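Heads up: the protein sequence lines correspond to chains A and B, in order.
Count the first sequence with numbering that gives the first Met the number 0 and you get residues 0 to 464, in order.
Count the second sequence with numbering that gives the first Met the number 0 and you get residues 0 to 464, in order.
Quick caveat, the hints were computed from the structure, so don't treat them as lab data.
Take every hint as true, because none was put in to throw you off.
Given that identical chains are not distinguished, each listed pair holds provided it fits within a single copy or across any two copies.
Simulated crosslink set (SDA-like; lysine to any residue; CA at most 25 Å straight-line): (1) K394 <-> T461; (2) K394 <-> F318; (3) K394 <-> F309; (4) K394 <-> S316; (5) K394 <-> L305; (6) K394 <-> R324; (7) K394 <-> A462; (8) K394 <-> Y302; (9) K394 <-> V310; (10) K394 <-> G454; (11) K394 <-> E319; (12) K394 <-> A450; (13) K394 <-> L405; (14) K394 <-> A317; (15) K394 <-> G306.
The structure presented is a predicted model; accordingly, all values stated were derived computationally and were not measured.
Number of protein chains: 2
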Amino acid sequence: MNPPQDSTDTVFEPDDPRVDGDIQDPAEHFRDLINEDQPQLAVAFLSQMYPADQGLCLADLGRSQKNEALSLLSPEHTAHILDHLSPTEAAQLSYGVDAGTLSAILDASSPDVAADVLRYLSRQQSEQVQATMSRLEPVLPLLQYPASSAGSLMTTECPQVNINASAASALDIVRLRGDAAERIGAVLLVDAHHHLEGSVSIVRLALARPDTIVSQIADAAVHSVAPLTDQEECARLMERYSLHYIPVAEPDGRLLGVILVEDLVDVAVEEATEDMYNMAGIPGERVTGPLGASILHRLPWLYINLGTAFVAALVISAFESTITRVVALAVFLPVVAGQGGIGGTQTLTLVVRSMALGELPGRRGMRLLAREVILGLVHGLLLGLAVALVAGLWKSNPFLGLVLGLAMLANMLVAGLAGAGVPLLLRRLRLDPAVASAVIVTTFTDVCGFAVFLGLATAMLTALT
Amino acid sequence: MNPPQDSTDTVFEPDDPRVDGDIQDPAEHFRDLINEDQPQLAVAFLSQMYPADQGLCLADLGRSQKNEALSLLSPEHTAHILDHLSPTEAAQLSYGVDAGTLSAILDASSPDVAADVLRYLSRQQSEQVQATMSRLEPVLPLLQYPASSAGSLMTTECPQVNINASAASALDIVRLRGDAAERIGAVLLVDAHHHLEGSVSIVRLALARPDTIVSQIADAAVHSVAPLTDQEECARLMERYSLHYIPVAEPDGRLLGVILVEDLVDVAVEEATEDMYNMAGIPGERVTGPLGASILHRLPWLYINLGTAFVAALVISAFESTITRVVALAVFLPVVAGQGGIGGTQTLTLVVRSMALGELPGRRGMRLLAREVILGLVHGLLLGLAVALVAGLWKSNPFLGLVLGLAMLANMLVAGLAGAGVPLLLRRLRLDPAVASAVIVTTFTDVCGFAVFLGLATAMLTALT
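Chain A extracted, bound-state conformation (with noise of 0.2 Å):
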């Protein structure tokens, strides 16, 4: 039997007792054996794992441990292992390592990989590596397609066949392209000037008599993307339409590669952890990245909450005479902030993963924002109810519950305003409704919940004292 699916010759099986028993984490052992001065054991042992796996390794490793295991491969294999992973891996693979090094493996990887890896490169090491390659030429313009574009994702290396052709010739075509057409399943059809006419599954084309001409039996392609199309927007509709692959065409037809859905599934889920990300104000951070780099990442969104923390607390400052008179007041203002912040972020959630799924079309805005704030006229009841009765029967002070209730109705009533209003008004402003939207919807229920809470407080000092 040949080895399996893209893998090499002895394979790493996930519950494979090597890995679950005797050797904990392959790539600590891994790493171990090359702080052991014992390259050639660490290669063998590399060697026996995934490509997937090879690359998690070789990423994991500090610089000169990298640069040390990379000159032990060949090119092709550490090529064959880029091959492998989603463009962050490899990015993360490739970052550290000598231009040198770098230039050798491009080279040896297929142009849409070396694309990938060199857009990720700062500006000063992609031109160090790029002017050392040798086959720069099929790469140059890919690197054009910014990054998370369909020009970026597409693969070139895919099976054309001119739509005139016999199913015999076209067969002829997928044998010499081999693995590509393999993982496409299909060829794209095109005319004399390279415009894209269709496509044929391959199955198709091996059930067909040989001298059946290819349109014939060809699928219109209807579904193609421009190259500087959105990757989300790719994601979409592969999955809306369930498609394998989706060809990348200029807007003149000319066909220019395609995206095959595995690579999708990378996206989808890349999509998924940037928007969580961004709301938590992480944006591109790795639990396995440098300390340095996580503190740049964190530092700017920890300084911008403080100051608008401090923006609510110029708003208590106001009100520092009435809580003078009234001290239990203190005791209740991370009440109303903290659920105020809660409403809100369970709107802006809400909002912003369906508008990342394509689930919110411009026009349903509004009646959007007003389910929000239906949403929060009925939690803003029930809850201020709630604290209504506590606070008034622990304080003893039926005034004092009167007023939180009626400051957790308003907030309440602001987050779904702003949870929903935010998020769409920032879509409307052309920028990512996820980055900066929870720091804006935190604010407005922290300012607008304390202004209520002290402001009806000091109206009602009388009855509160």
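Let chain A serve as the given structure and place chain B on it in line with the hints.
Just chain B, lined up with the frame of chain A:
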């Protein structure tokens, strides 16, 4: 030319002028036609769309309209639509459909789609529908697999070929299976007892000499999953190793079916959404769902948070006499709580998401905890310095600045510790690390933050006043 990949004859392109120009929202236009009592026009309009879009239009209707529309479509037509939806979308479409209509539709569906729909119905509804189904036999064994298991995701309609068959006879089976074989792009090889022995791509079959024995050109099927394997694990395997499909086999090796990569794009997206919604306290919600369901989803979480907010209020209440003497302390309570909450959320989001992506094997837990505590220390020092300066200058009280700065330091440490520790602990206890972690983490940061801030203030009361 034939119609495009899996679609009906005339199609709606995303940039079709009918969609963006005259008819703003196809779903609304369709509903209007139904409401205007023009069922024939409505069905004609619907049939122009891709099956997946037809499904969304139908799912959007109210109960009686939906039943009316479905009565105009043949059960085969609706079954074809269901085939193109994700399991949750199929469940949404089936919601509220009369038992008799639904059983006719499921009789015309593939067994795994029928099982998906039945799995989402209430026990009573499911039994009602099953009672009138005539093709229940192939569905029943699938119903035993819980939702989100490999067994519930697989399609049983996969082409199986005996390992000793010739390439020619394998192609005959492909010819018979048609659509299913085309989707998988491969046939699965089994021995006489239907035990999985490997697979061979259809491209390779087509290119082989007709009398070649398939075992000679086969891939050993190293990656297979058990029917009870969780869908998250399946998605991880497919993404990691860029698989197009993954066979599902009993532990003894008997082949049950195959999961296709396109079904796992849905899974990857749904898992990410689920994590985000669980963390925000809106499990299982949809923007398009009924208002009452949203209230039921969000209220428990809001009340739980209210409970923990009162715990934090208790801490503040214990220091009321201190606040009476230094009322400026009240001004900074939300600053302490807010920053701790945000720091905790940053760590928590990173950890929960990394766990979901399989980037955090159990043995890395302690290293991660140490990393986040160090980050908390660094952030605490930098933020603490900033708040100490601002608050000290603002209130012209350096001791107030000192107390606030120290509280910030302590709070960011707690944020790192709880943000990483809570999800790690939840996972160790085999609970979902996303579900209740946010409320636990913010309770920790609130309580510790207030205790340190007000405790220090009380200790330094003479210096503060």
